[in-house]
Amino acid sequence: MILLKSHSCGELNKKHLGAKVTLAGWVNRRRDHGGLTFIDLRDREGIVQVVFNPEVSKLCHEVASQMRSEYVVRVSGEVALRPPGTENPKLPTGDIEVIAYNTDILNTSKTPPFYINEDTEIEESLRLKYRYLDLRRARMKENLLLRYRVVKFIRDFLDTKGFIEIETPILIKSTPEGARDYLVPSRVHPGKFYALPQSPQQLKQLLMVAGVEKYFQIAKCFRDEDTRADRQPEFTQLDLEMSFVEEEDILNLLEELFISMVKTIKPEIRMTKPFPRLTYTEAMEYYGTDKPDLRLGMEIRDLSDIVAQSNFSIFLSAIAEGGKVKGICAPGCANYTRHQLVELNEVVRNVGAEGFITLPLGASGGSINDLTLEMVRSVATKFLTLDQIKQIAERLGANRGDLLFIIAGKASKIVDVALGELRLELGRRLKLADPNVLAFIFIVDFPLLWWNEETGQWEAMHHPFTAPKDEDASLLDVAPEKVQGKHYDIVCNGCEIAGGSIRIHTSELQRKIFKLLGYNDDEIEERFGHLLEAFDYGAPPHGGIAPGIDRIVMLLTGEETIREVIPFPKSQTACDLTFSAPSTITEQQLAELHLRLREES
RNA sequence: GGCCCCGUGGUGUAGUGGACAAACAUGCCACCCUGUCACGGUGGAGAUCGGGGGUUCGAAUCCCCCCGGGGUCGCCA
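The first sequence runs 1285 to 1885 under my numbering.
Hint data in this document are derived by calculation from the structure and do not stem from the laboratory. The reader is advised that the hints may include incorrect statements.
[Unchecked claim] For lysine-lysine, the following DSBU-like pairs were computed, each having C-alpha atoms within a straight-line distance of at most 35 angstroms:
#1 Lys-1694 with Lys-1799
#2 Lys-1445 with Lys-1425
#3 Lys-1298 with Lys-1436
Work the whole structure out from these sequences, hints included.
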């Protein structure tokens, strides 16, 4: 192989002393001392100092004076020990330097629009416009590398488990039942469209029918929905499916995958092993969400039985109307100001909860047994006895100096969600999330269906291919809301990182579910006929899961958004700011696709 | 579609009704400098304050509309 370089900048050390090397890279920084010039030369592997001494080469020294930041240069020189006292411990290559005897400028560079050699905050739209420069920065380079390591680890791991990686098409059929599809017009078939896969769900099930048994793919998925910090129009998931398995097999495999991945890639990160398991009901009950961040502690507890003994009408009426009174304890927050409490009340109000009560448990440093009513500055002291307050404090695991929040409501779900939001806000304010912990958990026992009030129809909690639990199958006809699905999620630090299920593998049951979801026979045939027919040719029992690669890498890098781990992400309005996509196309292109643009009113 | 935040020399910030002919840091350009490593020194250039309209004697600053970016609710089988 012929390269313009013999070594990379970052690999050089004392072992190379005396070696004649040729390096090529970018000028990270130039320090011109007049008679002597230093260049920090950067390539993918790191930075090394190059010395241009006119006594070694007058020509090199002159060329170096022309160099500027981000110029692409090649240097031939000798690796030498730095003079004693001039070593740079901040640099991995800081013991040595390269004395240049030959150099040339391979390309010049305009002054970049932002710093590449410093880690400063830069407006994201500018970074995205010049993403190729942004990716030169150390932080982004490290993120790209870590992402590669994650995907490499997954491939190696699954290979040892007997999985094979199979590609599935990007141009498939629109079967609208979930997110909005990205569509591609057909030139050959006027008026017809392909859809980009929202996930390879049906394809991987067909691969199971094909007898592949263990399949995976690092798959691009496309969903035309609004973006979030952890959502992009196109994203990458590890798509995985196995035949002849039950829920437990999939969970054990994924647990082993994630534990060994984290140990290998981020050994300093702590995890709870084995991963705790929560049912969907427990998650909602104790955390007010189906993707709880277990690092925060502060579990929600039901207080209805205690306050039922009080004469506080807010509590009593909530309970009488079939609702709940629940609470949460904010450690050490008894001294919160009125203003802070109003702000927190706002959080609760935003999700539609009323009946917000605060109970500060006096000053810190003392037993809860010594608490007196006078210490508790709350309206609730008029209606709650000291003993009731102590019972509440005990149930919430509270100490003196803590602040209790109680929410009463006739709709239990809103009480849970409000306390869940409050918990997240308190977690942020109290910085309870340990960045060196990855709190993986499994969420299991989801309902199969939920009733959509707006459309007046049953909808799939996960997707329509999820199998009901065997013992619940008979309930499908009489009480669909009670049916649990063989559906499981993996949640980590409050982020849903994977969802999967054991699938339906008979056409009979699959048809029944489609009908329950409101499709008529014709629609079922038109949209899912291919899948149902396949099930009639010996489809094996099968199931799988789909972890989100972007989210996993985001958690491992400690980034706040998945855009930081995607080389070329879209903006919130789904634009590619590097290419300025989407863009208009020519009239000829439209005509070939048999399309005419509508006049927007 | 709703709500919230941001937009000031290349970059990051300050300035929130008059003393702004817009400040600071860094970057950039020129000159000086042989051991620096965020080198140092001297000098210099660089901003229609995102765009448009309005209020006012006076607007970077207040109001309205638009554009761009971000967060979030809805949405995300």
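Identify every previously stated hint that the structure contradicts and give their numbers, smallest first. The structure conflicts with no hint, since it agrees with every one listed earlier.
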